[in-house]
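Read off the chains here:
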Amino acid sequence: MNRSDLHALGERELQKQSEARCRLLCCGSTPCLSSGGTAVQEVFKGFLKENRDLKAEVAVVSTGCMGPCSRGPLVTVQQPGEEDVIYERVTSELAQEIFKKHVTDEATDRVETHILPNDIPFFTKQKKVVLANSGLIDPERLEDYVAHGGYLALGHALREMTPEEVCNEIINSGLRGRGGGGYPSGLKWNLVRRAKADKKYVIANGDEGDPGAYMDRTLMESDPHRVLEGMAIAGYAVGAEQGFIYVRGEYPIAAKRLEKAIRMAERRGLLGSRVMDTAFNFRIDIRIGAGAFVCGEETALMASIMGKRGQPVPRPPYPPSSGLWGYPTLINNVETFGSIAPIIDNGAEWFAGIGTAKSKGTKIFALAGQVENTGLIEVPMGLSLREIVFDIGGGVPDGRTFKAAQTGGPSGGCIPADYLDTPVDYESLRELGSIMGSGGLVVMDDTTSMPNVAKYFMEFCMDESCGKCVPCRVGTVQLYRILDRITAGTATRNDLTIMEELCTMMRETSLCGLGQSAPNPLLSTLRYFREEYEALINDDLHATNGRFTLATPSTRSAKEVL
Amino acid sequence: MSVVTLTLNDELISANSDQSLLEVIREHDIYIPTLCHMEGLSERGGCRMCLVEVQGSRTLQAACVTEVAEGMVVTTHSERLRKYRRMTLELIFAERNHVCAVCVMNGHCELQAVAAIEGMDHVRFDYLHPDLPMDISHERFGLDHNRCILCTRCVRVCDEVEGAHTKDVLGRGINCRIINDLNQPWGSSQSCTSCGKCVEVCPTGALFRKGATVAEMVKRHDFLSWITSGREKNEWDYAGQAPYYATERRKE
Amino acid sequence: MARNDKIRLATVWLGGCSGCHMSFLDLDERLIDLAEQADLVYSPIADVKVFPDNVDVTLVEGAVANIDHLELAEQVRARSKIVVSFGDCAVTGNVTSLRNRLDVDDLLNRVYQEGPGRVPAGSEPDGIVPALLRRVVPLHQVIKVDAYIPGCPPDPERIWAAVSALLAGEPVRLEEDMRYFG
Amino acid sequence: MIKSKSKRASAAIEHPSGDPRFKLVDRTLKRFQYQQDALIEVLHTAQEVFGFLEDDLLIYVARQLKLPLSWVYGVATFYHFFSLKPQGEHTCTVCMGTACYVKQAAEIVAMLQAEFGVEPGQTTPDGKLSVATARCLGSCGLAPVLVIDNDVLGRETPVSTLETLRARLAGINGHKKAPALETVEDMEEEIL
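As you go down the protein sequences, you meet chains B, E, R and D in turn.
All the letters of the first sequence, read from the start, carry residue numbers 55 to 616 under our numbering.
All the letters of the second sequence, read from the start, carry residue numbers 539 to 790 under our numbering.
All the letters of the third sequence, read from the start, carry residue numbers 24 to 205 under our numbering.
All the letters of the fourth sequence, read from the start, carry residue numbers 18 to 209 under our numbering.
Isolated chain B (complex conformation):
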């Protein structure tokens, strides 16, 4: 398929879509499906089965994520000449009413209360670049992606740009790694491009392990072709002919959709040999993770792709010089790849115009926890935390007050209310002792105990430590035990001192990012909520020694270490 074929394919699809009198878009993402979305789709499809004549004019489309997951199942109704209408909390009964109203034009007053106005801050404060298609297209149909401008960027890059120009475009866009580190993507691409080797690889990191984060899953499920296109452009730019997508084992739907997308793209000549009738070949294979958080670390991820224990190896050498099987390898997060096509389509300047001086473009966050609107959002970099939590998120429910926002998962930290006006970008978050991370943003209200939160994350890191280096393997266990004592009220002041010392030590001596950042949630809660720790410290030696006697109940948690 060349560019004019692609164009024709898109046109045909658009034509077909515009012929429909009514398009019923049903969110087919995991949260909506598990809250009753499957039944809703069945209702619509049932109607169409009964009224076969409607089939030509009414389309029921299972799309990707629409955003406000806590209001699911969501349905968007598209009618020519009219604005899209979004319905929230759709039940089977309501689905019937919706069908009546929009398709059979029967009067009903029962649907009005379920309309989600599209001028609420939840939508207006967002800027969808990576998620532009999410919720609007059928992720299982290549045509739908093409109709929305898909694969044009790949065609443009292959025909009009040299690999060097592509890399420069990415450098000029200011795009930084969306997996958490924030390393300038273009520079990384250039390193791989300049590396001399017979083979090179491109890897998309979809091993989204942070608890409370599901940006990557949603992107892979809602718009798989966008990731593939980004990878193919990267392959062309760096000179790789083979790509891998490493998908977290917990995401079977994402893997299935990607697999289907790859097959369809190959059939159409958008991947595989002679991509879009050029000399460029690019194959993509999927690798399924098997449940190891550490595999989000690039060297561990590569070990896993090579069929080994997912243990990191010391860097340097960095993957751009020596990665998979020793060949130069480009690893980017799937969200990073998701940003590539828009940059090529609209130009580096356009992308650089979004965001702040050092953090360009948009970032997807998974908004969760004690907040009114939980769901998936995409915002320009530099939006304040307050706008995200209160305007988009709708604030803290049940009359509670905001206490902290946790970003960056087990490698990040908690940001207290005092810093709500901080712009959310890489540097500001780092200054506050947290990180951007992959985009999990969990809101906590005043009922949350911070030492408990720290303990929760430490337990996570302890379970996920690969065991290769001493500071992480044993340090996480020791920190967990101290936190366990603190939360049980049997810790001494000395414990607190040792704990802080150990945190600093692990940060500086651990082999990989997991161990180096494992103390972050602890240190950040200690920084902002020290009084909560102090309040739990017991200064009575005799009382704390009581933990060694048999009479006192065990301070060991249910999940005893060893």
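Any given hint could turn out to be false.
[Said to hold, decoys possible] Think about it this way: if two alpha-carbon atoms lie no more than 27 Å apart in a straight line, the pair counts; the simulated DSS-like pairs of lysine-lysine are: (1) LYS314/B / LYS40/D; (2) LYS362/B / LYS145/D; (3) LYS70/B / LYS109/B; (4) LYS72/R / LYS104/R; (5) LYS70/B / LYS103/B; (6) LYS179/B / LYS412/B; (7) LYS314/B / LYS182/B; (8) LYS179/B / LYS70/B; (9) LYS83/D / LYS362/B; (10) LYS72/R / LYS167/R; (11) LYS310/B / LYS47/D; (12) LYS310/B / LYS145/D; (13) LYS83/D / LYS253/B; (14) LYS167/R / LYS104/R; (15) LYS145/D / LYS314/B; (16) LYS29/R / LYS104/R; (17) LYS181/B / LYS412/B; (18) LYS757/E / LYS771/E; (19) LYS145/D / LYS102/D; (20) LYS182/B / LYS154/B; (21) LYS154/B / LYS99/B; (22) LYS99/B / LYS314/B; (23) LYS102/D / LYS40/D; (24) LYS362/B / LYS40/D; (25) LYS167/R / LYS29/R; (26) LYS314/B / LYS70/B; (27) LYS182/B / LYS109/B; (28) LYS47/D / LYS362/B; (29) LYS155/B / LYS103/B; (30) LYS72/R / LYS29/R; (31) LYS167/R / LYS621/E; (32) LYS253/B / LYS47/D; (33) LYS70/B / LYS155/B.
Calculated directly from the structure, the hints in this document are not laboratory data.
Since this is a predicted model, take the numbers as computed values, not measurements.
Once you've looked at the hints, dock chains E, R and D against the given chain B.
Relative to the frame of chain B, chains E, R and D by itself:
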């Protein structure tokens, strides 16, 4: 291969560009502790004992896995590094049951020696006291997980030098353990050649010859350079094998 | 040195084999030097029932294994200026702590019920035999410790190096070859 | 594909048991041309087909890929997904992601422990119920979330979970863990 110039503890020195920092440090007679490193095996970088400060580097670097580079400025001993080395040792001692007094390697153990050298005189962390088994099913050797520090020298020597790959590591994190074949009794392993290399390279009392009692187990690490230089260069390296003249031996 | 200016020295025996005290006695003639500078105000080798007040230096042998040890350790800390962990059991838990892999009840059953000399059952504390702690811990886990003398036992040279520093009012800094555990 | 280290036409060694399920494992082996780096993919299939990775299965995979046994065992125990023990008839996986955690998912785990005496990672002695925890199921909007026999349930409470489980264990509301796959053909369909 080219020659590079670097600063090591305030002294300007030169080194071959393919050398590791650890090699260069040791060549210059600077003591720096190591536990997972072993001449003749691949590097692992897991024990974190040989961490050094490299100017301009965000994190500390493990000397064993860092290549020298032109203009590098390296510090091998500082208050911070000494403190971290002691803390790492504390963590290792707390992890399993390293009771030197009743260990076969007492007096010959690398871990024990490094602790004394680094001045780690007590452990501030909780001793975890895991309930770990001992495998004495092999006819000649024993494996005591209580003394194991997971340096994986045994795994590497079995794979890289003997070529049997009988040993590997089970599980992850704190639950890691050295295994033979399918986590089965060592004596029932089909792949083990009973060559004993793993025993000789083990830095602690985790692998030992049967029959040795407290403080009786002495290991020789020099055989590795003997084998590897013999195999690779047809030169057998007598370094460290003294006394080898019959006259001297008679004097002993 | 006036008689009442002598340093008040104590040695304490917790959960250990008394080997450290034996090694202490192996100071031999140096004991005479020691006696000139210090009064032994409490020790398993001196007949004193209660740990006295105002002790300058206390050497503690053994790990903390039962509630009596715990109580005595707290007393020692409250009444001593300098507390020294004396020997591997006090410093690391050592052999005494080998029982930590077992549950206390299992341990008591194994030793007193299943063993050759059977003891009547009844795990209730009787007020005579002190109850075991859940885990044997080194001294510094229950009280603040000022100096450590490792070794099982520490040889007399080590002990002398530490004690003479303490008598001179200096911090204990053992040479590398005197720092070995075991 | 990459690095065809051990390309072998059809040197496949059959498992002596003649269990037809090994054919499905063979299919994955072939798909990856018996390359050693496909170990994790092969283990995925093996676990899907057999339910868990018993020793014989690991030996079979090791032999086919010409890998040392300890290597295969090390990989199988490194990843949480692989289970070396059989699972219960019903499974209940509680999400312990951050969002679920702040919405008291731990209370559900505590309830399971109190009611059924099993901790995460364990199966009841009668083999009826396995309890597990997950890191994040990516359904944070529905927190707390759990999965009972492949059904995702959102906004759970200890009470609602207990009700569902009791019903499942009593066989009411009927379907078992996975739709029981009786024949190899069924499984093939499921896997492909």
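Results of checking the hints against the structure:
no.	hint	verdict
1	LYS314/B / LYS40/D	holds (24 Å)
2	LYS362/B / LYS145/D	violated (33 Å)
3	LYS70/B / LYS109/B	holds (12 Å)
4	LYS72/R / LYS104/R	holds (20 Å)
5	LYS70/B / LYS103/B	holds (20 Å)
6	LYS179/B / LYS412/B	holds (21 Å)
7	LYS314/B / LYS182/B	holds (25 Å)
8	LYS179/B / LYS70/B	violated (32 Å)
9	LYS83/D / LYS362/B	holds (14 Å)
10	LYS72/R / LYS167/R	holds (23 Å)
11	LYS310/B / LYS47/D	holds (20 Å)
12	LYS310/B / LYS145/D	violated (30 Å)
13	LYS83/D / LYS253/B	holds (25 Å)
14	LYS167/R / LYS104/R	holds (11 Å)
15	LYS145/D / LYS314/B	violated (36 Å)
16	LYS29/R / LYS104/R	holds (14 Å)
17	LYS181/B / LYS412/B	holds (18 Å)
18	LYS757/E / LYS771/E	holds (25 Å)
19	LYS145/D / LYS102/D	holds (14 Å)
20	LYS182/B / LYS154/B	violated (31 Å)
21	LYS154/B / LYS99/B	holds (13 Å)
22	LYS99/B / LYS314/B	holds (23 Å)
23	LYS102/D / LYS40/D	holds (22 Å)
24	LYS362/B / LYS40/D	holds (24 Å)
25	LYS167/R / LYS29/R	holds (24 Å)
26	LYS314/B / LYS70/B	holds (22 Å)
27	LYS182/B / LYS109/B	violated (31 Å)
28	LYS47/D / LYS362/B	holds (19 Å)
29	LYS155/B / LYS103/B	holds (18 Å)
30	LYS72/R / LYS29/R	holds (21 Å)
31	LYS167/R / LYS621/E	holds (20 Å)
32	LYS253/B / LYS47/D	holds (24 Å)
33	LYS70/B / LYS155/B	holds (23 Å)
When held up to the earlier numbered hints, the structure conflicts with 2, 8, 12, 15, 20, 27 and fits the remainder.
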